[in-house]
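Engineer: Chain residues, written in single-letter form:
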Amino acid sequence: MTGSFRSIYNGSAILVADIPVVGSGQFLQDILDATDHGWRVSSYFGIPGDADIALYCVLANKAEGRLAVTRTASDGTTFPSIASLCPQLQLFEREIAEQCGLTFVDHPWFKPVRFHRSFRSGHDAWNRPEDKPLRVGVMNYFQVAGDEVHEVAVGPVHAGIIEPGHFRFQCHGEEVFHLEISLGYQHRGIEAGLVGGPHPRTLQQMETAAGDTTIGHGLAFCMVMESLTGVRVPPRAEVLRGIALELERLANHTGDLGAIAGDVGYLPTASFCGRIRGDFLNMTAVLCGSRFGRGLLTPGGTIFDLTPEHRDDLLKRLADARRDLTNAVDLLWSSPSVMGRLEGTGTVHQETALELGLVGPAARACGIKRDVRHDYPFGIYRMTHLPVATAFHGDVCSRTMIRWQEAQKSMDFIEEQLRQLPGGGHRTKAAPRTGLSLAVALTEGWRGEICHVAITDDKGSFVRYKVVDPSFHNWQGVAMALRGEQISDFPLCNKSFNLSYCGFDL
Amino acid sequence: MFRAIISRIRQGHRTMPYPKAPLQMPDRFRGYPVVSTLAQSAEQHDETAECPYGAFTASGGGCLDMGKCLFCAECPAGDIQFTTDYQLAVTDRDHLLVRPGSEHHHARPLTPDLRRMFGRSLKFREVSAGGCNACEADTNVLSTIGWDLGRFGIQFVASPRHADGLWVTGPVTENMAQALLTTYEAIPAPKIVVACGACAINGGPYIDSPRVRNGADSLVPVDLYIPGCPPHPATILDGLLRILDKLR
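These protein sequence lines map, in sequence, to chains A and B.
With our numbering, letter number 142 in the first sequence gets 288, and the count goes up by one each step, no holes.
With our numbering, letter number 165 in the second sequence gets 162, and the count goes up by one each step, no holes.
Next comes chain B alone, as it looks inside the complex (with noise of 0.2 Å):
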């Protein structure tokens, strides 16, 4: 007893201050993407440099789709600089497609009345449909004590009965797309759906894969997208606190 108070006097208090304070990123975090005109960089634009999921499209000046880019530490098609910024989650599909000079979009806040009964006390019940367990993992952070998730009255929960939204990682496989529906059936509506992640988005890496069905979305509306490979926590949190009007 003594031994876990001294502990936990040497452990401290660890929870992070964001977000009332900035969050420090590691310098080779690889966040919101840069595309820069081609015609800028046409004399180093490599024609056959393509992406191997089809996140980066040379037409009509260049257009990253972050829903499907992986965010790789050598990127493939070439033209790609990405930033440190984690926020990247964003309401809309088409919001993920970044263009050169295009607005940087964020999650919106939901719509009043669902904010009115979400806003204090949001449960979500996950299925992970064929996710490598990174996204769960970095999902799962966000309720130890160094994020804390629970001070902003959201939290994962046992039973879809007990959830106002469904939390979805991985491609959709062929074997888990009848339990995901059921899952998303047994939440009382009004819900929500939460893509985390690249493969929950499009396929991230299985992308066409005989064996999945290329993302939520194909299954289930979603209101929520998280970019990533995984997503950072912090990246998770950000949109979170969006949609809930926490954060603008």
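Here chain A stands alone, though its shape is the one from the complex (with noise of 0.2 Å):
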């Protein structure tokens, strides 16, 4: 099964020559076989050349915590889909016609991702005019007839103070029979402008490639460069790093916290933890002067280094934090009314969560074991283990059981680390990049696995960077968990989910 796969571990790099290219159709019977055993597609991208398409797949095996790489070559016009026996691909296969004008034959919903034009001039997989602007958002729904059927359309803009995104409903009375969800709208351009990078912005573009993960991504790059250039990262800055990735899931599980509770109507939760989650977000500025974590992170370690003044502050913030979370939290399991506008609502069963190859909390939610930092341990925690949490109903009530048990672990985690601090540096200095290599970075951000990949030319810049958070591989999980529920509790589901429209758009 794995002879035409190169195995990889998370954070190096290998020769991109010592991946075997294979015929498309072992390359995907290869794929359907690995899947079918478990594996899961972390990465599926394609590289446009002159005339035909490098098409590379990274798949991640969890049983052996190791990712293997294999690849292909199109055409350029057409390629098979394998979408329909394998539903966890609908989303890259789409992906892949967008970027780069090849269309996927036998598809079953082959409609464009963010709509944008492709990476190679005058290749469009839905054979779009040059001439006329292509309109965001305008595609064919999947729409249901019949008597008393209607269809409910939001957005792009909400009526909050979120990112923009189009939701169609199909409804039955209040039964929403199926939910579409179309992006795109925050689409900036990001990896078409990675090509022959890494460019002096790239830092911060992956810093802001989804701003609530902050850490999550811009980590994710800076493994990648690091192994490229096979520098060595300081344990005093791979402890800094773990401390700001879990300050930043929890900041955000706080605030999910609170908003599932404002979304059901417990105001008293969801003010506490509106606040909470600014405390962490200010112990955050307290490592590097930026909320989001900005700053902090540089290939080779990272900018800052924690004073002992610094720790002092900290394990106080955490403390004090620590002891008002808890108490906002504990309200919600003990009021009646919460747990039952929580318990059974939007329900994604396991398979379901397994076809689709859902990642973190969601995943975690439907009794799924999968965490990077478990199974592909990287930075500190090859040192330390943090205990994956796992509920089963896969409802919204589980979801947002998991985000306290692991706000939990996590404020446990901080707390260790910065009470046995090593020494040393913080940063190692540069080195050149290597030519012609395939680098694979995952991490665990806070709604899941984000997956950089990195290809580079025989200078060392880079040839594709390709970007996948969790977001990407999570929004049909939202579209799932609403069939059969009333279109008012969308708000409550979605919020369970907090996906980011940016990371998907990227």
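Treat the hints with care, as some may be off.
As the list claims (entries may be wrong) - One side only, chain A facing chain B, incomplete, derived with CB under 7 Å:
#, residue
1, Val282
2, Val284
3, Ala299
4, Pro302
5, Tyr331
6, Gly339
7, Val341
8, Gln350
9, Thr354
10, Pro414
11, Gly441
12, Arg463
13, Asp466
14, Cys648
Said to hold, decoys possible - Short, incomplete list of chain A residues facing chain B, as computed with Cβ under 7 Å:
#, residue
15, Ile307
16, Glu309
17, Gln332
18, His333
19, Arg334
20, Arg347
21, Gly424
22, Ala431
23, Val432
24, Gly435
25, Ile449
26, Leu477
27, Ser480
28, Gln551
What the hints contain is simulated information worked out from the structure, not anything from laboratory work.
Glycine included, C-beta positions come from ideal geometry on N, C-alpha and C.
With the hints as a guide, dock the two chains, each given alone in a separate frame, to form the complex.
Structural biologist: Written out as structure tokens, the structure reads:
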């Protein structure tokens, strides 16, 4: 099964020449076999050439804690789709089609993803005319017909301070039969701009790919750069990075716990958590001056070190925040009116989650033990293991519970790491990049698996840099959670996932 | 019920006293920049060092455009020191330019007739046009109990029809340009526009990407510029209180 795969460990680089090129039939069969055996597709992308398109697939094998890469070449016009056999690929295939102008034959759901022109001018998978502007969100939506069936369209501009996206509900009365999500409004052209990089702007663009996941994406980029240059990160920097990543998780999980409480109309926890979230953001600002961790990371380590005064300050702030957060969240579990709204709402079954390849808390809430920190450990997580929290019902309640359990583990982790901060430097100097290589970096952001893949030319510049945000895997999970639910529960279901629009749109 | 009341007592009253008492910023916070004259630092000045976002121009004694500046931890242009002064918002685009010894400009109050209308009740409709969710998050945080924006009569509302102003975050992507314009047109006049964050002012990290329009004022007239990537909530609140003449 794995004959055509080249093994690679998280945060390492291999020579592109060492990855076997297989025929398209074997390429697809190998992916199907691997996913049948519990492997997951972490990344699948194309590199447009002069005539053909090279297709790369990065798969993750949790049982062995390693990744595998395989590649093939397509003729640049059509390629067989296996999305109906392997649903976790459906969005990847559409993305490749949009970026490379490659038509996937027999794709059950063949629609644009972000509404932009392909990287190969003159090639469009949908044969849209070049002279007419593309209109975002204009595509054939799945429709249900019949008496009393109606359609509800929401967005791109929503009611709150939230990013734009378009949602189409097929409803029968209050009940949602189907939800289709069409994004692309936040598309800033990140991947197209990375060709020929890294550029002087690249680090800031990675930090803002999804700005609430600055550390998650920034760290993945730094890991790619470090594996391409062979630079070793000092232990002290690995710890500081781990602390920052967990603070990011804490801030966002706290915000989500409050927002979920707010969406069921339980204001005490909503109010308290809204403020406590800020306490965690301010702790990140103690580290690096920015509440979102901007300017902390650099390839080779961290820009800032932690003084003993800062450490004591952080420990005190952490103790205060832990006390307040525990008090605020415990209210949820003891309020029957809250639990009645959370339990059994927005259920995603485990089989569905596995088929769609969900990641992060959304997957763990379905009883799937899946966590990059545990499965493909990187940085400090190679030395210190965090327990993986899982729940079993796949509903809003499970996704809420997971956040609280992870928040507690993260607080324990930060406290432990602050008390045993290793000495030494926090930064290693940069070195030249190796050429003709492929590097993969996975991190566990607060939403789940972040995957960055870089392929370099003979001078070490990026031929292709692929970013996969966890939201890319998980948006379909939101759509499935809504099936059979009341449309009025959409805000609650959506918040229980809290996915990124810009991380998806890039 | 009793648990909630006990919790409320334990959590305490947590709205910060600002603006009556000053704010304490973290010591690594990067706020109002100091541009040293090139004559003083000519020996250290590296001619090849330049800002990848075009925020710093060395000619004419040196000039930093806070609208383009991302307040990076290590300024690639080299000659910039950042203070912890968070008061950065201005009402004129030109006032974002900082030169050696130049005056520190603040946002000016709205005209008296606008203040009469908006002074006690100012409602915004927010549109994220390619924002990364950091500006959005730190705008949102103002409505939490810590900052309690409502005590100043300022609120973010769900419909542009209920709004007095448009709040823009993000560099304005091609795919959001139309939605941004439609929202602006749906707000009844007179209306004001706030560009929140480096992206909304001039494109931020995505300046000159073919998929973005380099900021809000390419499409709509901007009345308040709030620099930062993202701006600290204190920077945002400072700008808002100043245009309403509640802070001098």
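Engineer: If a hint holds in the structure, say so; if it does not, say that too.
Structural biologist: Going down the list of hints, with the structure as the test:
1. Checking A/Val282 against chain B: minimum C-beta separation of about 4 Å stays under 7 Å; hint holds.
2. Annotation: interface hint on A/Val284 violated; nearest CB of chain B at approximately 11 Å, more than 7 Å.
3. Restraint check, A/Ala299 versus chain B: the minimum CB separation of about 13 Å is more than 7 Å; hint violated.
4. Because the closest C-beta pair between A/Pro302 and chain B is about 5 Å apart, less than 7 Å, the hint holds.
5. Interface restraint check: A/Tyr331 against chain B, minimum CB-CB distance 5 Å, threshold 7 Å, status holds.
6. Taking 7 Å as the C-beta cut-off, the interface hint given for A/Gly339 holds, the closest approach to chain B being about 6 Å.
7. Restraint check, A/Val341 versus chain B: the minimum CB separation of about 13 Å is more than 7 Å; hint violated.
8. Nearest Cβ of chain B to the Cβ of A/Gln350: about 4 Å, under the 7 Å cut. The hint holds.
9. With 7 Å as the threshold, the beta carbon of A/Thr354 comes within range of chain B, its nearest partner Cβ sitting at about 4 Å, so the hint holds.
10. Against a cut-off of 7 Å between C-beta atoms, the interface hint on A/Pro414 holds, since the closest Cβ of chain B lies about 5 Å away.
11. For the restraint placing A/Gly441 at the interface with chain B, the shortest Cβ-Cβ distance is roughly 3 Å, inside the 7 Å limit, so the hint holds.
12. Given the 7 Å rule on beta carbons, the hint for A/Arg463 is violated: about 11 Å separates it from the nearest Cβ of chain B.
13. Hint status for A/Asp466: violated, given a least beta-carbon distance of 11 Å to chain B, over 7 Å.
14. Hint status for A/Cys648: holds, given a least beta-carbon distance of 5 Å to chain B, under 7 Å.
15. Hint on A/Ile307 holds. Least Cβ distance to chain B is approximately 5 Å, under the 7 Å limit.
16. With a cut of 7 Å, the hint placing A/Glu309 at the interface with chain B holds, because the nearest CB-to-CB distance is about 5 Å.
17. Satisfaction of the interface hint for A/Gln332 is found here, the shortest Cβ-Cβ separation to chain B being roughly 5 Å, below the 7 Å cut-off.
18. Interface hint at A/His333: satisfied, since its Cβ lies 6 Å from the closest Cβ of chain B, which is below the 7 Å cut-off.
19. Interface restraint check: A/Arg334 against chain B, minimum CB-CB distance 5 Å, threshold 7 Å, status holds.
20. Because the smallest distance between the Cβ of A/Arg347 and any Cβ of chain B comes to about 5 Å, under 7 Å, the interface hint for this residue holds.
21. Contact between A/Gly424 and chain B, as hinted, is supported at the beta carbon level, the nearest pair being about 6 Å apart and thus within 7 Å.
22. Of the supplied interface hints, the one on A/Ala431 holds, with its beta-carbon coming within about 4 Å of a beta-carbon of chain B, less than 7 Å.
23. For A/Val432, the interface hint holds, since its Cβ comes within 7 Å of a Cβ in chain B; the closest pair sits about 5 Å apart.
24. The interface hint given for A/Gly435 holds, since its Cβ lies 3 Å from the closest Cβ of chain B, which is under the 7 Å cut-off.
25. A least Cβ separation of about 5 Å between A/Ile449 and chain B falls short of the 7 Å threshold, and the interface hint therefore holds.
26. Evaluation of the A/Leu477 hint against chain B yields a held restraint, the C-beta minimum of about 6 Å falling below 7 Å.
27. This hint holds: A/Ser480 has a C-beta 6 Å from the nearest C-beta of chain B, less than the 7 Å allowed.
28. With a cut of 7 Å, the hint placing A/Gln551 at the interface with chain B is violated, because the nearest CB-to-CB distance is about 20 Å.
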